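Residue numbers (UniProt numbering), protein chains in the order written: chain A, 1 to 385; chain B, 1 to 386.
Simulated from the structure, these hints should not be mistaken for laboratory data.
Note that the structure is a prediction, hence the values are computed from the model and not measured.
Reference excerpt, derived from the structure (chain A facing chain B, CB under 7 Å, subset only): (1) Phe60; (2) Leu62; (3) Ile90; (4) Pro94; (5) Gln103; (6) Met138; (7) Pro182; (8) Ile195; (9) Glu219; (10) Ala224; (11) Gly226; (12) Thr235; (13) Tyr237; (14) Pro239.
All C-beta atoms, glycine included, are put in the ideal place defined by N, C-alpha and C.
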Amino acid sequence: MIKTISSLRKSLALPIHLHIRTLQTFSKYNAQAASALEEREKLFYQNEEYADMDWDNLGFALTPADYMYVMKCSKDGDFTKGELTRFGNIELSPSAGVLNYGQAIYEGTKAYRKDNGKLLLFRPDHNAVRMQHGAERMLMPSPSVDQFVDAVKQTAFANKRWVPPSGKGSLYIRPLLMGTGPVLGLGPAPEYTFIVYASPVGNYFKEGVAALNLYVEEEHARAAPGGSGGVKSITNYAPVLKALSRAKSLGYSDVLYLDSVKKKYLEEASACNVFVVKGRTISTPATNGTILEGITRKSVMEIACDQGYQVVEKAVHVDEVMDADEVFCTGTAVGVAPVGTITYQDKRVEYETGDESVCQKLRSVLVGIQTGLVEDTKGWVTCIN
Amino acid sequence: MALRCLLKSPTTSSYISKICGFRMHGTKAVASVVEEHVSAMLRSEREDGEYADVDWDNLGFSLVPTDYMFATRSCKEGNFEQGCLSRYGNMELNPAAGILNYGQGLIEGMKAYRGEDGRVLMFRPELNAMRMKNGAERMCMHSPSVQQFMEGVKQTVLANKRWVPPPGKGSLYLRPLLFGSGASLGVSAASEYTFVVFGSPVQNYFKEGTAALNLYVEEVVPRAYIGGTGAVKAISNYGPVLDAMRRAKARGFSDVLYLDAETKKNIEEVSAANIFLVKGNTIVTPATNGTILRGIIRESVIEIALDLGYKVEERVVPVEEIKEAEEVFCTGTAAGIASVGSITFQNTRTEYKVGDGLVTQQLRSILVGIQTGSIQDTKHWILEID
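Produce the entire structure from the sequences given, and follow the hints as far as they go.
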């Protein structure tokens, strides 16, 4: 059978992945052919070109992948067809809306490499819808769901040599929608630009996969009711840098923010949602406008329900956090990260972590689905090659 | 000849960076020769025409690109290079720049006025410099020193002198902008910052012109919250209120008056201006307690009012007090001192006295008189740019 495949390849002179698709239809009817096909795929995967990176030491710093995607539109217009271009500086007017008034939102998604070399995206349509929702809040036009997903797919595929080998990390993909037209007085920009760029990444936190140490922030809130905390506006991030850098200088991994009104209810960390485990109950703060509705958050909630946990979205009082068995964070960049300790008003509480923890069980299932090791019965994974 | 072509090119910031690059890399002799040529060219351009070709009677508040902008960049240690002018035009930014992805940016707003005697004057620019410095500390940014800020502003005004409107026709609005230009992928402060100054000739900020404003009290969207960035001029304060402004404007209001986020009971400020209530001999304005921007016009008006013998109170102002005021006005660099004709709160519209002979007009006349040099500057608020 292998002889047949290679002679077919030579005769058709097509790229190998198209051959494989053609042959897959034959192999449906021939189990022997199917296993031979898998062998061929693995060989191809081993020969595939990778960017020159130290794949064993990826962190979360920017290593720009070769290509980025750019698409523009006017305030009252529609986004026209975008295009891939080499990653590089973009030109902006000094009076651009994003620079003067913070009119921009972003997204975060990842491309994973399956052990057979296929590239997988995880629920990119959800990022697309979230960006549309955010754009409306920030008075911006947005790409359609199809345009967004297509842009992400094109960016991932064009940069496939930057997707780390299976198990070494992922290609972090950053869609960004900004007001780029000029404004002087406060108002929405007259023109908008949507870009997507990417970078191979490993673990988000410098702790790697070790449990995090969080600090409950009482002075700075991340969001207020009626504000923009519920959308992925760039304006949510710079204001927390002060609290974040202060916590990091004291040795913490990240900050846990409380609600701005009562200063008693848990909201989220700087760039991830948070979950509290007590027995068989997993609680997470309800997304009531101040908290970002994470895609990893909602996926983990569904996985936990499937596994028989009671999953509750509610106002989580900070005292409940200090009384929990386990705490973990979720986010595209951070994955599902165990929390080892939380410090609140000089009191430091430690949590269960490790292989038998609920966090680890949920992480294994999620990562398994994202990387194609676990069957994707929910239609969450899209293969792009 | 080559230099003239260079400077007329629309995106010459990279060229000017090269000139600055000469300086940075130690070829100071070459740099100074080039700078001499640039200065000579700027002088000859200014002499060519006293005023730019603008319809000075119909200026609003939209961007009219001027000739030059100023730029400088910080290095890792946080010090800013000596900046330089380039033709106004696009800048290049890394797509992963801190400002684009995480909103790490601060703005300022200032004006240059042309006095009747032809002098070009600025109003308390050192206060903007210090406010930007304080803002940078809050936003984990490197900032130019007060001196560097002032130098950038002065150079921008001088280079764009022909864009300063004739006396009484408006002013040259200046926008100093400090932003994280270095790349960061995870949420973190940029390692490199860029400071630019650009300008545009303007007249009235509101489309109502000098007519009184109609404000709407917003109860859902706050402008700021305790522990946030309301007290500094961070760009992050503005994007989130665009929606509230749009809704108010769609209903015919000029702008939005925001309440405090915590209790929704006290007035704070308008989208881009502070607010004052007048009753009898007393002028009241919300205290700047961390959520409100400490306006430079606000501060100046408080002092002028005290000089005139008014009682001035900076305190918490419950929203109900808007129903008791006789006059209301807003203050801001862009807005000036703008009369408020009405405020609508929960479907109740309260109207105020407007027009000549009132407190608002009295304060405005003095402020504008000082700013344009027709009233003696006893407080040393004016900086002459020459």
